[in-house]
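Chemist: Construct all of the structure, not just a fragment, from the sequences and the given hints.
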Amino acid sequence: MTPVAPNGGELSLALLAMGLPLLSFFLVFFVTRPRVTLSCAVSLVCSGLPLLAAIWLLAGHWRMEAPILWELTWMRGGGVAVTFGFLLDPLSLLMLCIVTGVSFLVQVYSLGYMAGDPGKAKYYAFLSLFAWSMISLVLASGLMQLYIFWELVGLSSYLLIGFWHHKFSASQAGKKAFVMTRLGDLGFFLGIIVLLLNLGDLSILGLNQQAATRLTPGLLTASALLIFCGVVGKSAQFPLLTWLPDAMEGPTPVSALLHSATMVAAGVYLVSRLFPFFQGSPQALGWVLVIGTVTMLLSSTMAMVASDIKQVWAYSTVSQLGFMFMGLGAGGYFAGVYHLTTHAAFKALLFLCSGVFIHHYATNDFFVMARSGARSLKVPMLSLTVAGAALSGVWPLAGFFSKETVLSALAELPNPAWLWLGLLGAGLTAYYTFRLLFVMWRPRRTQPPAGHAEHGEGGHHGAAVYWVMAAPLLVLAVLTALLGAAGPALESFLAWGRPLPPGAHHGWLVAASVVVVAAGAGLAWLEFGRAGAAQQGFLSRIPGLWNLFANRWYLDWLYRWLLDHVVYGLFSRLFTLNDRRVVDGGIDGFCRATLGAGWLLSLLQSGLLQYNLFTMVLVMALVGLYFLLV
Amino acid sequence: MNPGFPYLSAILLAPALGLLVILLLPHDNRRAVRWVSLISAGVCLILSIYIYAAYDRAAAGLQFVERASWVPSLGIFYYLAVDGINLPMVLLTSIVFFTGVWTMWDLQHRVKEFFALMLLMVVGVYGVFLSLDLFFLFVWYDVSLFPMYPLIAIWGSTRKEYGALKLTLYLLAGSALVLPGILYVYFQSGLFTFDLVQIAQAGLPVEAQYLGFFLFLFGFGVLAGLWPFHTWSPVGHVAAPTAVSMIHAGVLMKLGAYGVLRVGMFLCPQGLADWSPLFALLATVGIVYGAFVGLAQTDLKYVIGYSSVSHMGLVSLGLATMSVGGISGAVFQMFAHGVMTALFFSSVGHIYDRTHTKLIPDLGGMAKVMPRASFFFILAALAGIGVPCLASFWAELLVFIAGYQAYPLLGVCAVLGLVISALFMLRVVQKTFYGEKNERFAAAPDMTPAMALPRALLAGTILLFGLLPRLALDLIDTGVAPLVGMFK
Chain A
19 MTPVAPNGGE LSLALLAMGL PLLSFFLVFF VTRPRVTLSC AVSLVCSGLP
69 LLAAIWLLAG HWRMEAPILW ELTWMRGGGV AVTFGFLLDP LSLLMLCIVT
119 GVSFLVQVYS LGYMAGDPGK AKYYAFLSLF AWSMISLVLA SGLMQLYIFW
169 ELVGLSSYLL IGFWHHKFSA SQAGKKAFVM TRLGDLGFFL GIIVLLLNLG
219 DLSILGLNQQ AATRLTPGLL TASALLIFCG VVGKSAQFPL LTWLPDAMEG
269 PTPVSALLHS ATMVAAGVYL VSRLFPFFQG SPQALGWVLV IGTVTMLLSS
319 TMAMVASDIK QVWAYSTVSQ LGFMFMGLGA GGYFAGVYHL TTHAAFKALL
369 FLCSGVFIHH YATNDFFVMA RSGARSLKVP MLSLTVAGAA LSGVWPLAGF
419 FSKETVLSAL AELPNPAWLW LGLLGAGLTA YYTFRLLFVM WRPRRTQPPA
469 GHAEHGEGGH HGAAVYWVMA APLLVLAVLT ALLGAAGPAL ESFLAWGRPL
519 PPGAHHGWLV AASVVVVAAG AGLAWLEFGR AGAAQQGFLS RIPGLWNLFA
569 NRWYLDWLYR WLLDHVVYGL FSRLFTLNDR RVVDGGIDGF CRATLGAGWL
619 LSLLQSGLLQ YNLFTMVLVM ALVGLYFLLV
Chain B
9 MNPGFPYLSA ILLAPALGLL VILLLPHDNR RAVRWVSLIS AGVCLILSIY
59 IYAAYDRAAA GLQFVERASW VPSLGIFYYL AVDGINLPMV LLTSIVFFTG
109 VWTMWDLQHR VKEFFALMLL MVVGVYGVFL SLDLFFLFVW YDVSLFPMYP
159 LIAIWGSTRK EYGALKLTLY LLAGSALVLP GILYVYFQSG LFTFDLVQIA
209 QAGLPVEAQY LGFFLFLFGF GVLAGLWPFH TWSPVGHVAA PTAVSMIHAG
259 VLMKLGAYGV LRVGMFLCPQ GLADWSPLFA LLATVGIVYG AFVGLAQTDL
309 KYVIGYSSVS HMGLVSLGLA TMSVGGISGA VFQMFAHGVM TALFFSSVGH
359 IYDRTHTKLI PDLGGMAKVM PRASFFFILA ALAGIGVPCL ASFWAELLVF
409 IAGYQAYPLL GVCAVLGLVI SALFMLRVVQ KTFYGEKNER FAAAPDMTPA
459 MALPRALLAG TILLFGLLPR LALDLIDTGV APLVGMFK
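Line by line, the protein sequences are chains A and B. For the numbering used here, add 18 to where a residue sits in the first sequence, where the first one is 1. For the numbering used here, add 8 to where a residue sits in the second sequence, where the first one is 1.
Be a bit skeptical, because a hint or two may be false.
[Claimed, not checked] Across the chosen pairs, the derived CB separations fall in these ranges:
| hint | chain 1 | residue 1 | chain 2 | residue 2 | range |
| --- | --- | --- | --- | --- | --- |
| 1 | B | Leu28 | A | Leu640 | 52 to 62 angstroms |
| 2 | B | Ser165 | A | Phe48 | 30 to 40 angstroms |
| 3 | A | Leu640 | B | Leu31 | 51 to 61 angstroms |
| 4 | A | Tyr586 | B | Leu28 | 44 to 54 angstroms |
| 5 | B | Asp114 | A | Arg53 | 51 to 61 angstroms |
| 6 | B | Leu471 | A | Asn596 | 33 to 43 angstroms |
| 7 | B | Ala184 | A | Leu640 | 29 to 39 angstroms |
| 8 | A | Gly642 | B | Leu191 | 41 to 51 angstroms |
| 9 | A | Asn596 | B | Ala450 | 48 to 58 angstroms |
| 10 | B | Leu367 | A | Arg53 | 52 to 62 angstroms |
| 11 | B | Leu367 | A | Asn569 | 30 to 40 angstroms |
| 12 | A | Leu640 | B | Ala76 | 24 to 34 angstroms |
| 13 | A | Arg53 | B | Leu472 | 39 to 49 angstroms |
Calculated from the structure, these hints are not laboratory results. Where is the CB? At the ideal position from N, CA and C, for every residue including glycine.
Modeler: Structure follows, in structure tokens:
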């Protein structure tokens, strides 16, 4: 499809969406920071207007014919040109709405959550930076622009995860997130270089249309896999998945942002963005499928034993992202994107609900929350239940429909094992989600409930704060309930309004997935829900598995070991020793030798007359001897 | 070409005049000494910005030319001119010089001597960057090197005599290779002129270029921190006082790389072709090695010193690729690294002045004690790990692309260095600035707004060139393109 240039309205709306958050960042960070209320207002306006622009653009282009492209040259040097611009097509418009929507809701919610925090203005500046990077990533017209904002998204999440950097764990988590995603980004960067040198064209449209025909299959697979390395890092896929659970050290609204619409979603977005390009290489898609599956299963098992509410959702994010990659890897473009959309709504909701509890009870442990009377917070508790049900795929919530599309994509694969693994994952998801919900709804009153006065700040803020935080929950809960019905409309929108090929309908698949979800939820009921349940779970009776899952399959341990023994212990130490002993030692030795030689020769110049005479006579005698003999 | 006002001579003369005035001032009038230095630096800065803006990018080539015969019988000329390669360097020198003087405002010990030596050094630096005559270039080169010894040995810290001696010996050893190189070229060309442009246009015999480039590569390479001749630089950085570290790491190391480029590569393009695999290998080793050694350091200034080794490796790698992208990237990296490292040292300088330590384990939690100083350091660290929209990102981008194209294996290794550098920079940031508020230094004052201004100027430069890279690259390309034409 040949792109068209934007008209004036489209140009100004898109630039507004891209520009305002940056403006807000500079304004808040450098100018209004001392005045907190003003800073929040600036930031909210600058994230609300892009949302309106996004909705306006989406509504205006519900039936679009051709992508809209606008770019200018950002950098040019040595034959390499980097463009900056935007590409509007169904995928980017949908994603733009998700990103601006979630980030606006998170900013509203943070008014309450961060009330009284001394760094609130700075926090809003970072949120704006985050929004700017993500919006520019989503709208990027070229791969290099996408990479640049990909890195900036990484930077913003580093700043926000480590926002409470006086806590060691927070600064550690920020660093870990940055370095681990950077590791994956190396692959991405090399992939871009390979494409640049072999194709010379990094525009997204060009890559999608021509890469498959202009590159050799080997190069295509290599570059696709290299780019996927970046995705593995950013979307916390196996083996680079352990940074995401740690990333919940940041304030909870940040986790909501990070886990739903920005950062980790960027990876899924990139694969969807370049989907025709990835489709050119079946091997690459095969790897996407494998990595997605492994990640989904591993992280589901980790979620089954976690007792920290944010950690459960963090593992579930990793696993749902794996699920999206399974869909994409199986060739289901719509499956991946649709699940990304619904997931953004219900995952943001899950984190924001959890934030209310954490804020209120000053603990992350949901067993403790339940005992302290979490049930009494009606809006968050109901929203949490709706979102949890959506996550497990309960009809008629959004998660049910999007999960169904992914499973149907898996069912199209010749090997039935993928579908079984997908169903297994769905069952595990239902188990750990309902485990948490049952614990929250049906607390065991083994201890007297702890009042929140002794737990911290929760009770002091009053109703205003509660409602500022509850309002976004209601919006998201409505979306979670309704997005399921929007599936067919979205599918035709993403397919440019063209009639869809009649997909095989798997009636038995719906039944199978309902059974699996019911089984998972039922097991959770038996162990956590029913009266008199021990609330311990079958895994606690298998200590080997419990430890394996609770220690994240020892992946962190492996990284720690590699870091300590290879990076620090081997290379860093050896090179430092080499610097001190060999390079410097050599030079110092040389200098000492020079000094020593000088000292030795200085002995000749003793200034004593008899030695000088003696030497003179000796030399004359030797010269005479020489002439005599020769 | 530009008959009119001799801007380049004015840039050279401003610090020289300042030096003269300072020498005439009474010893105890510190105020006057500071103001004279700052004014001469300000004049340089304004003139540099003017010629940077006024340089005609469409016409390209040498502009603002001033050429006069000095010693006709030997072919020595007073020959100043700027093109896309040295113009960014002149601007860099002015920025670092101006902010360096301002940073040292509170110096109390032997103020007159300090600023006099600093001005002398800067005259030399401008001389090297502006001269296109080999004789003058070498003279200015040595003028810029020798004030380092007293500056470090008198006003320095941490093993200052050792550091000063080591640095001086290394750099003199380097110039001991450069001088024969220049004489060799002078006689081999058969023109008996020191005019660099004339020799380059006539071209040297191919066999002479082999030895010629070798001499220039290792002679100037020592100053550029080329591995394994780099150990003088961290030691010297650590020992030097703040402004001297800024000029030293920010500008002097660039003199080395500039010398390799302007003298070595212009005069001996064929020699570069012969030596480039070795050059690229040493550069890549420097990139990775510097990052790994930096990981093990506990002194803030050592960390920055090794990051400089790593970043200057990128400059060398860019030069060794012999492509427009690589060399443009290298020149831009010289500029970006100069500003960044000046910001590093000036932030550390403040922390050291107030806490009297620069050992990372002693610090910690400084972000709460000194928010301004911490902000500037962290910004420099982010620039150092190649965060987009900060100047060095673009430079590294170009160098990596060109490096991968010319030497795929080395290119991949160099890119791996990115992770290590991210790890060590963030580690330093975490250990020094994050954590609970450091009670031991709770009373240590942050930068006053007046002292934050020069740092803000550096930070603003990083941001400006990061957001608008064409400001530099469109210019640099015009200087590099004709050079690359000579390789063919």
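Chemist: Does each hint hold? Answer for all of them.
Modeler: Verification of the hints:
no. : hint                                    : in the structure
1   : Leu28/B - Leu640/A: 52 to 62 angstroms  : holds, 59 angstroms
2   : Ser165/B - Phe48/A: 30 to 40 angstroms  : holds, 33 angstroms
3   : Leu640/A - Leu31/B: 51 to 61 angstroms  : holds, 57 angstroms
4   : Tyr586/A - Leu28/B: 44 to 54 angstroms  : holds, 53 angstroms
5   : Asp114/B - Arg53/A: 51 to 61 angstroms  : violated, 31 angstroms
6   : Leu471/B - Asn596/A: 33 to 43 angstroms : holds, 37 angstroms
7   : Ala184/B - Leu640/A: 29 to 39 angstroms : holds, 35 angstroms
8   : Gly642/A - Leu191/B: 41 to 51 angstroms : holds, 42 angstroms
9   : Asn596/A - Ala450/B: 48 to 58 angstroms : violated, 40 angstroms
10  : Leu367/B - Arg53/A: 52 to 62 angstroms  : violated, 38 angstroms
11  : Leu367/B - Asn569/A: 30 to 40 angstroms : holds, 35 angstroms
12  : Leu640/A - Ala76/B: 24 to 34 angstroms  : violated, 59 angstroms
13  : Arg53/A - Leu472/B: 39 to 49 angstroms  : violated, 26 angstroms
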